[in-house]
Amino acid sequence: MAIQDAFQKALELDEEERIEDAVTCLDDVFNQIPNEAGYLKFAGMLYQRLGEDDKSFGLLNRALDLTPKDAELHLGLGFHYTDNGQQDKAAASFEKHVRLDPQSQIGFMFLGRAYDYLHDFEQAEANLRRSVELDLDAYEPHVQLARILGRRGTYEEALREYEKADQCESGDIITEIGLWRINALKDGQVPATTDLHPEPATVVCVKQGDKYGPEYANRLASMVRRWSSESPRIVCFTENPTGLSDNVEHQPLLTDNLKGWWNKVALFKVALPGVTGRILYFDLDVVITGDIDPLLHHGGDFVIMDNDYVPGFNTSVFLLESGTRPEIWENYTPEIGAEIAGDQDWVALNAPDAELWPDGWCVPYRLRAAHELPDTAKVVVFSGHPNPEDYPSPWIKEHWR
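Going by this note's numbering, the first residue of the sequence shown is number 1, and it counts up by one from there.
By construction, these hints were calculated from the structure, which means they are not laboratory data. Just so we're clear, the structure is a prediction, and the values are computed from it rather than from any experiment. Glycine included, C-beta positions come from ideal geometry on N, C-alpha and C. Be aware that one or more of the hints could be misleading.
[Claimed, not checked] Think about it this way: if two alpha-carbon atoms lie no more than 20 Å apart in a straight line, the pair counts; the simulated DMTMM-like pairs of lysine to aspartate or glutamate are: (1) LYS186 x GLU163; (2) LYS69 x ASP101; (3) LYS397 x ASP291; (4) LYS55 x GLU72; (5) LYS186 x ASP306; (6) LYS89 x GLU133.
[Unchecked claim] Each pair of labels, with its calculated beta carbon distance range: (7) ASP5 x TRP395: 14 to 24 Å; (8) LYS397 x ARG152: 32 to 42 Å; (9) GLU339 x ASN61: 36 to 46 Å; (10) GLU339 x ASN240: 28 to 38 Å; (11) ASP28 x ASN61: 49 to 59 Å; (12) ASN61 x GLU12: 46 to 56 Å; (13) ASN31 x PRO326: 35 to 45 Å; (14) GLY323 x ARG152: 29 to 39 Å; (15) ALA184 x PRO326: 13 to 23 Å; (16) ALA341 x ALA2: 36 to 46 Å.
Please take these sequences and the hints and turn them into a complete structure.
Next up, the structure:
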């Protein structure tokens, strides 16, 4: 197949969400890609879109050697570094991009996000303001700027930015989540618990269907035992306990009517079978990398992970005093499940006053741990596919067992 035909075919396959077929199509002509900047750039960006980081990185760098002042190449490399947990290099690439293209709204936005991940909120705010100025009608820069303003405690201005975002895209759920959260912060509703509970929480997980086998629950239990000084109860809610280790208790699924991540909503019922008091929930595909005693003994009644991408929460790791947030379950309907992208948005809408885990305890793999494991990380979470065993980071094999 000719190079251009292969590129076109790969694009079509990507649009059909046939990602593996699109990658195979590109791989078949990989060695035929001419050493010309245009071809290398197109192939590199397409591989990047398909999640093939190593191939994308090599092609983009080869193109950059030929055309070092191509602003799009620096933008593409910035995306690569962002997605692979190298935020300092991401910021440097985005800086080069905006110097070459000072009217790049998307460049300033991602530069601001890189500084956010580096905890340089002053630089994050400055660059996000520039992104907003370049396109006042663009939705996402307003949302990202509002997030930073919220982090910096300037709540009134954050509310105004969310209102501007709503004017750009009326009714978007992310804006609604942001508004509820900022109002909760502004009104002092978000606790900052320092007390420790004398007893460890019960560790719980949910296993439904065949997406994850019993080895995932067993591996989670092994990590919990290894990284806690006590032996907390570990309970798996599942319709099929076959293969679970003896040290993993099992209870039936909390409902027969939910699929996938929506099963987590049922954990907010007033009463859970076989479990009372405080629960510490983990997704089955997390990797525990540090001491979790502070999570097990945290004194809050609902503590959850921040969402590093958009306003809201990440439900991969949360602590809950059972029965304290029943509205999350009681207000849920199948229609809501069809309308909302996932349980995380639903939880954020219903519990905008939730307490967050201390910064750095629970981190997303792609943004913060792909290159190296942060010293502060206790739990690393993975979104969708691939699963932990599919990633190359050497620390995963050390801890995911």
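A quick look at each hint next to the structure:
no., hint, result
1, LYS186 x GLU163, "16 Å, holds"
2, LYS69 x ASP101, "10 Å, holds"
3, LYS397 x ASP291, "18 Å, holds"
4, LYS55 x GLU72, "17 Å, holds"
5, LYS186 x ASP306, "18 Å, holds"
6, LYS89 x GLU133, "25 Å, violated"
7, ASP5 x TRP395: 14 to 24 Å, "41 Å, violated"
8, LYS397 x ARG152: 32 to 42 Å, "39 Å, holds"
9, GLU339 x ASN61: 36 to 46 Å, "43 Å, holds"
10, GLU339 x ASN240: 28 to 38 Å, "30 Å, holds"
11, ASP28 x ASN61: 49 to 59 Å, "22 Å, violated"
12, ASN61 x GLU12: 46 to 56 Å, "27 Å, violated"
13, ASN31 x PRO326: 35 to 45 Å, "59 Å, violated"
14, GLY323 x ARG152: 29 to 39 Å, "35 Å, holds"
15, ALA184 x PRO326: 13 to 23 Å, "18 Å, holds"
16, ALA341 x ALA2: 36 to 46 Å, "39 Å, holds"
Hint compliance for this structure: hints 6, 7, 11, 12, 13 are not met, and every other hint is.
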